[in-house]
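Chemist: In case you want the letters, here they are:
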Amino acid sequence: MNTQDRFDEQLTERLRADAPREAPSRLLYAAMDRIANTPQRATGWLGRPVVRLLAAAAVLLLAVAAGTQFAGLIGPPTGNEPSASSTLVPSESAVESAAVTPSASSATPQPTESPTAGDGLPLRVVNLGGGPTYPTHLLPWLTLMADGTLIWQPIPPETETTSLVTRTLTTEGLADLRERIFETGLLDASAAYELEPQPGAEPPGHGVGVYTFTAGDGAEQVVVTSVQWLGDDEESTYYQPAPEREQLDELTQQLRDPESMLGADAWAGPAEPYEGADYQLVLIPYRDAARYDTADASEIPWPFDGPLDEFGVEAGDPRPPTTRCGVISRDAASQIVDALVALSFGEIGMDRATAGSLDWAEGNGTVDLFMLPRMPDGFPECEDQF
Amino acid sequence: MPDKVLIREAARGDRDAFAALAAPRLDQLFATATLILRDRGRAEDAVQEALVRAWRDLRSVRDPQRLDAWLRRLLVNACRDESRRGRRHDSNIRLLPDHDRPTSDSSGDLADRDAIGRGLRMLSADHRAVIVHQYYLGLSLREIADALDIPVGTAKSRLHHARLALRAAIGPDAQRSEGHIA
Chain A
1 MNTQDRFDEQ LTERLRADAP REAPSRLLYA AMDRIANTPQ RATGWLGRPV VRLLAAAAVL
61 LLAVAAGTQF AGLIGPPTGN EPSASSTLVP SESAVESAAV TPSASSATPQ PTESPTAGDG
121 LPLRVVNLGG GPTYPTHLLP WLTLMADGTL IWQPIPPETE TTSLVTRTLT TEGLADLRER
181 IFETGLLDAS AAYELEPQPG AEPPGHGVGV YTFTAGDGAE QVVVTSVQWL GDDEESTYYQ
241 PAPEREQLDE LTQQLRDPES MLGADAWAGP AEPYEGADYQ LVLIPYRDAA RYDTADASEI
301 PWPFDGPLDE FGVEAGDPRP PTTRCGVISR DAASQIVDAL VALSFGEIGM DRATAGSLDW
361 AEGNGTVDLF MLPRMPDGFP ECEDQF
Chain B
1 MPDKVLIREA ARGDRDAFAA LAAPRLDQLF ATATLILRDR GRAEDAVQEA LVRAWRDLRS
61 VRDPQRLDAW LRRLLVNACR DESRRGRRHD SNIRLLPDHD RPTSDSSGDL ADRDAIGRGL
121 RMLSADHRAV IVHQYYLGLS LREIADALDI PVGTAKSRLH HARLALRAAI GPDAQRSEGH
181 IA
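In order, the protein sequences belong to chains A and B.
Each residue of the first sequence is one higher than the one before, counting from 1 in our numbering.
Each residue of the second sequence is one higher than the one before, counting from 1 in our numbering.
If we strip away everything but chain A, and leave its shape as in the complex, we get:
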């Protein structure tokens, strides 16, 4: 055997020795959980090889943009440390930039009707992290209003699409649900439940999901963040006991199937798709970028005049490509949805997060569009898209 062959053989042996035999079981679950919040793109333009390449580049750009704007929120794991530092508290800079008063340009969206006053928010649950985060991932897993309105994303395998469902609770049903939510006492005061490795343990580094429970509103509001339960095996092997995280994770899973949790007499009416009174529209325009060779942004009936990169307010990192954010009416959102459907975009609807990538001839580039129904309390605001 010559030295070249020996080298090749040793290289192969080394790679085989280094390769893990099995993927962690949580990997598929984690991917499927993210897929539940990921709309599929329409056929046609993606089928062309050159466009697929451009699309991949665009995804990279988007991931970079999202990674920049969500720095600290979805930071990649460092070494063997778990990403327990994920936090939902917006950075000061993000709050400052999002608080910029919209310019007087005609691109500013028209103000829409405020959410119904006095409804109050007993609880909202959002899950972020575990990988690149897109604006549509702010769509809450659950929103409970004081008037008994419950809006939730059902557990993925039981639904055809990633859509929101709403159903109204009876007075008794609401009281029952509130008791189940708050009886643990874990949502009585703001707290952050993070991963705490055992001494000397070297946990696998990977992204983790982080729940944010927002209970109540106004000055009394409580915000609890909790890293998603990683499974009994990984938790017991690498981390300190965390009964709070386990309890909150279990509660969240139950809340995603409230009809099983509460029983038939807890409800005042049937479940139906949720449509927002208004919608958050997020645009990430890329000027002078390679085209997707898909539909052009000019085919969308935008509810504002002026260039796309002056729409609404700037959200997040001010470096280009900037993220533009604004609130549009239900009618305006409906027209956008209709246009996207006509252009063969899939998984589009008023009751779910919508995402689409378009060419933007006017800017000699592309624009990524995200739209999500806002909750009755007005969540998410643009400052939440940091």
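Calculated from the structure, these hints are not laboratory results.
These numbers come from a predicted model, not from an experiment.
You can trust all of the hints, since none of them are fake.
Pairwise CB distance ranges, derived in the manner of DEER restraints:
| # | chain 1 | residue 1 | chain 2 | residue 2 | range |
| --- | --- | --- | --- | --- | --- |
| 1 | A | Asp-232 | B | Ala-69 | 30 to 40 Å |
| 2 | A | Gln-335 | B | Arg-142 | 44 to 54 Å |
| 3 | A | Ala-189 | B | Ala-69 | 47 to 57 Å |
| 4 | A | Asp-8 | B | Arg-142 | 13 to 23 Å |
| 5 | A | Asn-364 | B | Ser-157 | 26 to 36 Å |
| 6 | B | Lys-4 | A | Glu-299 | 31 to 41 Å |
| 7 | B | Ser-157 | A | Ser-298 | 37 to 47 Å |
| 8 | A | Ala-189 | B | Pro-64 | 47 to 57 Å |
| 9 | B | Asp-68 | A | Arg-16 | 16 to 26 Å |
| 10 | B | Lys-4 | A | Ala-146 | 45 to 55 Å |
| 11 | B | Asp-16 | A | Glu-381 | 32 to 42 Å |
Over the 12 Å line for every Cβ pair with chain A, so calculated as not near, a few chain B residues:
| # | residue |
| --- | --- |
| 12 | Asp-3 |
| 13 | Val-5 |
| 14 | Leu-67 |
| 15 | Leu-141 |
| 16 | Gly-153 |
| 17 | His-161 |
Coverage of chain A stretches by chain B, computed from C-beta distances (three or more under 8 Å per stretch; other residues unrestricted):
| # | segment |
| --- | --- |
| 18 | 21 to 28 |
| 19 | 31 to 41 |
A virtual CB, placed ideally from N, CA and C, is assigned to each residue, including glycine.
On the provided structure of chain A, position chain B as indicated by the hints.
Modeler: Chain B in isolation, oriented as in the chain A frame:
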């Protein structure tokens, strides 16, 4: 259920069908990503990202027989992204002299494989990707080119340069055990 049916159902939004497509491929995707990124945590993130992208663009798959090649391409792209994202953290890491390494190891092969392991760590993710596809997955140059989304000629050239880079990276070890891998 055949892949063709699963792809069709998954492209219609059936997540169970997609899970059935992904599950049998997961181990190899994870192993490949781990070898490219040399970090299991980041490999998990890359596989997850590749699967999410596969789900999102599944409707673009016209030929079921091309599914694996397409998934490999998505994985390589996700590894590239993950590598770039991790670079700012890696920049704080310095390679230290390996004082613990036995210098009179009688097992030349084992020492050589250790040297190769260290050398692999010093390659770029792109070079590791081409090495892994050739020497671990045993793919042809055409298949490697497809996975890396580059022309066959470029794949050949990149493989050549990756081998040179690996040899350069393990230089001192190669000299020590000349006759085995030099």
